[in-house]
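Chains as they are written, first to last, in my numbering: chain W, 55 to 284; chain B, 9 to 177; chain S, 42 to 465.
Some hints could be false.
[Stated by the list, open to error] Partial pick of chain S residues on the chain W-facing surface, computed with a CB cut under 7 Å:
#1 Gly116
#2 Thr120
#3 Lys124
#4 Ala247
#5 Ala251
#6 Pro254
#7 Lys319
#8 Tyr340
#9 Phe384
[As the list claims (entries may be wrong)] Some chain W residues close to chain B (C-beta under 10 Å, calculated; not the full set):
#10 Ser128
#11 Lys180
#12 Met208
#13 Tyr214
#14 Val217
#15 Pro218
#16 Lys221
#17 His228
#18 Cys232
If you're looking for bench data, these hints aren't it; they were derived computationally from the structure. Quick caveat: nothing in here was measured; it's all calculated off a predicted structure. Every residue gets a Cβ at the ideal spot worked out from N, C-alpha and C, and that includes glycine.
Chain by chain, the residues:
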Amino acid sequence: MEVIRQKLGSTGEPVNAEALRSNTLRARQMLRGAEVEGHTLPAHLEGYDLEQYVEKSVLTTTLDRAVAWGRANSFFPATFGLACCAIEMMSIVAARVDVARFGFEAFRASPRQADLLILSGRVSMKMAPIVRRIYDQMLEPKWTIAMGACCSSMGVFNNYAIVPADKFMPIDIHVPGCPPRPEALMHGVLRLRQMVLDDPEMGWRDRYAARGTEELAGEDADRPWGPAGA
Amino acid sequence: MPDATGLELLAQELRDEDADSVLDTLYFREKGQLIISPAAIRATLARLRARGYTFLASVHGVDYYPEEPRLGVHYELIDMRRVDRLTVKLRVPTSDPVVDSVTPDWPTADHQEREVYDMFGVLFHGHPDLRRILMPEDYEGFPQRRDYPVGGEPILFTHNEGKSPGWFR
Amino acid sequence: MSEVGGGVSEYRQQEESITLSPLGEQIDDRPLADDYSQEVLTLNIGPHHPATHGVLRLLVSLQGEVVQDVKPIIGYVHTGIEKTCEDKAYWKVIPCVERMDYLAYFFNAMAYCGAVETLLEVEVPKRAQYLRVIHLELNRIMSHLVWLGTSALDLGAISMVWYCFRDRETILDLFEYSTGQRMHTRYIQIGGVIEDIPTGFAEKLAEFVAQMPSHADQYADLLRKNEIVLQRLRGTCPLDEETLLGLGVTGPLLRAAGNPWDLRKAAPYSSYEDFQFKIPVGTHGDNYDRFAVRLAEIYESVKIIGQALEGLPEGPHITTDRKVALPPRHELATSMEALIHHFKLVTEGFRVPPGEVYHPIEGPRGEYGCFVRSDGSAKPARVHMRDPSFVNLQATRPAVRGAYIADLIATLAMLDPVLGGIDR
Chain W
55 MEVIRQKLGS TGEPVNAEAL RSNTLRARQM LRGAEVEGHT LPAHLEGYDL
105 EQYVEKSVLT TTLDRAVAWG RANSFFPATF GLACCAIEMM SIVAARVDVA
155 RFGFEAFRAS PRQADLLILS GRVSMKMAPI VRRIYDQMLE PKWTIAMGAC
205 CSSMGVFNNY AIVPADKFMP IDIHVPGCPP RPEALMHGVL RLRQMVLDDP
255 EMGWRDRYAA RGTEELAGED ADRPWGPAGA
Chain B
9 MPDATGLELL AQELRDEDAD SVLDTLYFRE KGQLIISPAA IRATLARLRA
59 RGYTFLASVH GVDYYPEEPR LGVHYELIDM RRVDRLTVKL RVPTSDPVVD
109 SVTPDWPTAD HQEREVYDMF GVLFHGHPDL RRILMPEDYE GFPQRRDYPV
159 GGEPILFTHN EGKSPGWFR
Chain S
42 MSEVGGGVSE YRQQEESITL SPLGEQIDDR PLADDYSQEV LTLNIGPHHP
92 ATHGVLRLLV SLQGEVVQDV KPIIGYVHTG IEKTCEDKAY WKVIPCVERM
142 DYLAYFFNAM AYCGAVETLL EVEVPKRAQY LRVIHLELNR IMSHLVWLGT
192 SALDLGAISM VWYCFRDRET ILDLFEYSTG QRMHTRYIQI GGVIEDIPTG
242 FAEKLAEFVA QMPSHADQYA DLLRKNEIVL QRLRGTCPLD EETLLGLGVT
292 GPLLRAAGNP WDLRKAAPYS SYEDFQFKIP VGTHGDNYDR FAVRLAEIYE
342 SVKIIGQALE GLPEGPHITT DRKVALPPRH ELATSMEALI HHFKLVTEGF
392 RVPPGEVYHP IEGPRGEYGC FVRSDGSAKP ARVHMRDPSF VNLQATRPAV
442 RGAYIADLIA TLAMLDPVLG GIDR
C-alpha cells in the first residue's frame, strides 16, 4: 500500500510555494485595478467586501492562517477567578492538567496584556460593572470563556444577587459544570482554540452583528481622550 | 451548656438587676436562649460578660414574618472557660427597627451588624459606620426579608425562550 | 541610619527618608519639598488583583509605604445563598450551602446538617460519624494545601503552588472515589452520609495517610527556615489574644496567638472525642505563627484520618429513620412503605419541628456556625451561616496599621480569607 503525504490547502488541493507566490501577485494586481487574465474587479465593491471577493477568487489566506495559528496557540488568560470555579482554574495550571503544554500558562494580571478572559465563578450585581470594565480594557482580539454554570446561566443560585455573564458581555464559549472539571475547562479552551484556528475573521462582532462599532486608531487619534468637542 | 435550671437562675439574676430586661427563657435542644427587650441589649451583654460569657461568636438577623414584632437579632455568646453557649435574642418591629449597637463593647459586631442592617433593615444606633456591606451601596430594599422576592432569571424552556431578551439582538 | 555617601542623588535620599524611616522620624533636618511626609495616598487594591484571595477590595491609606488604615470592601461575590435556601426543601439546601466557603465544602454541609439533625433529634450512626470525620479532615488538609500554595505564591515562592496542588489532586481523587465529585460533593447528608465508601477506598486512603506526612515535611523544609519567609513573616503584624477575642476571631489565627480554643476538643461533635490529636498553638501571634500553626495542623489531621480509618465501625452509613433519609434502592422493589417514603422525601421533603438552632463546628478557618430556623414546614425559614472568614476579616485593620504594604499582602495571605464565605 502506498502512502501519499500531501499538505492540504483550504480548497483541499495541495499547496505549493510557486502557486502561492503567483496567486499573491495576481491578487495584488487585481486590487490595484489592473486587468488580470481578463478579470477586472467589479467597481462597486469596497473595503471588507472587496477583500472577501478577492479572497474567493484567489488563494491568499495563508497570512491570516498564520496569524490565527499564532493567536490560537498563545492565549494569555487574565487571572479572573471569582469563586469556586477559580480553584478549578488554578488546577489547570497545576501539574495534572497542565495548561502549559498548550502554551496558555502565562496568566497575566493586567487586562491590557491578556487576551482571554476566563470568567470563573458567580458574577454578582456588584461585580458585573467591574468585569465589564476589565473586559473593555482588554485589547482586540479578545475572547471570553464563561466557566461554570453560575456565569453561563444562573447556576445553582437563581436569585436577586447574581447576573449571567451573557447579559453584559459577549461570551465565546460556555463551559458547563459546577465546578467544571479541569479537563472540561481544558476542553473548552481547546474548543476556543479550534474556533480561532478555523475562522480567523470570526470575532464576536460578527456573531453579535456589531460590525461598525470598532474604534480604530487614526480616526480622531489626535483628539484628547473624552467625548468629542470636550 | 447551662442546663435548664442554670438558665433559669441566670435569667433570675439578670431580672434582679433589671426587671424588664429578660422577657422569656427557652431551653431548646439542650441550649439556653434568653429573649430580652431591645432596649436592654447592651446592658444585658455587659452583665453576661461579667458572668463569664466573654466571646461573641455571631450576630445575625431573622425575619419572623408574619408574626410581629418581625425582625429578630440573635447574639451567640460563648463562655470559653466553662465551654458554655448562650443565645440572646431580641425582636423589633419593622415600624421602629432600632437597636443599640453593641460594637463599642464587642468589636466583632462591626461587620456583622452591618450585614444585619443590609439584609433586614435593622438600624443600629451608635454603630460607627452603618453602611451596606454585601449589596451595592445604593441598593434599595432589604433582600433577606421574607416578603422580598427571590428574583432571578426565568428558566427558559421551548415555550418561553422567544420572550427572553437576547441582549445582542 | 547613617548618612548615605555623597554621590547619591537628592531624589533618592528623599525617597529613602520616606520609605525606610518609621512615621514621623526624619533622617535629616532638611525640610522636604512639598512636604512629602504628610501626603496620604489612598490606594485601591482590588477587587481584581492577583494578590487577593478572591474578589476582596481594600482601600489602603498609605504614607509612603506604611499603611495607615485599611478598609475592606466586600460583597463582590455575594450570591444570596441564604435567601435561596429559604426557597428549597431541607435536602436541597445542602448543595446551596456547600458552595458558600468553596474550599471547605464538607464543613458547610456538616454545619447545616448538624443543625437540622439537632432540630429533628435524629441520631447519626457511628459509622457515618467516622466517615464524616474522615472527609472533614481530608477537606481540612486540602484547604490548608490551597492556602499554603496561594500564600507562598503571594510571597514569591511560586513553585509551592505545583507541589501543593499535586497533593490536592490526590485528595480530590479520594473525594471522587467516595463521593463522585471533586468539589461540592454533597456527601454529607442529613442523618449521615449519602453512600458508604466503595471497596478500595480504604487502601487508597491508607496510602495517602502514609505519604502525606513526608510531603508535608517537604513543604516545611522548603519554607520553614527560608530566609525570605522568615524576614517577611516573623514579627510582622502580630495580634495579641485580647484583641482577637474581642474581634471574634477563631481558628488558626486565635491559636497562633496562644489560645488553644478548638471546638473539636472543647465541644466535640461527630465522635471527635474518640481520636487522639493535638492542637498546635503559637506564641507570638505574628504571621509566622499563623503559618506554622496551619502547617502543623496538616500533620494532626493526617493522624485523625489514620485513627478514624483504623477504627471505622460497621453499621449503616445514614440514619435508619426512613422519614429523614432515603431508603436503599433495593428496598424500593419489595417494600411499599419504602416506596412511599422515597416518594415523599423526594417530592416534598421531610418536615422539621419548629424551632431555632445554632450548630457550630471547627473548620479550617475557624468556627463555622449554622443557624437554622424552622417553622414546621418542609422548607427552612432562615438559614444563616456564621462564616469565620467574615469575622476574621475584621482583624485585618488592627493587624496591618503601621506596617508596610508588603506586610499587608503577607498578612492577608496568612489570614486566609475565602471570599465565598465572606460574601455568601
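Structure-based check of each hint:
no.: 1; hint: Gly116; result: holds (5 Å)
no.: 2; hint: Thr120; result: holds (5 Å)
no.: 3; hint: Lys124; result: holds (6 Å)
no.: 4; hint: Ala247; result: violated (22 Å)
no.: 5; hint: Ala251; result: violated (21 Å)
no.: 6; hint: Pro254; result: violated (21 Å)
no.: 7; hint: Lys319; result: violated (29 Å)
no.: 8; hint: Tyr340; result: violated (23 Å)
no.: 9; hint: Phe384; result: violated (24 Å)
no.: 10; hint: Ser128; result: violated (28 Å)
no.: 11; hint: Lys180; result: holds (5 Å)
no.: 12; hint: Met208; result: holds (5 Å)
no.: 13; hint: Tyr214; result: holds (3 Å)
no.: 14; hint: Val217; result: holds (8 Å)
no.: 15; hint: Pro218; result: holds (6 Å)
no.: 16; hint: Lys221; result: holds (6 Å)
no.: 17; hint: His228; result: violated (14 Å)
no.: 18; hint: Cys232; result: violated (16 Å)
The earlier numbered hints that this structure contradicts are 4, 5, 6, 7, 8, 9, 10, 17, 18.
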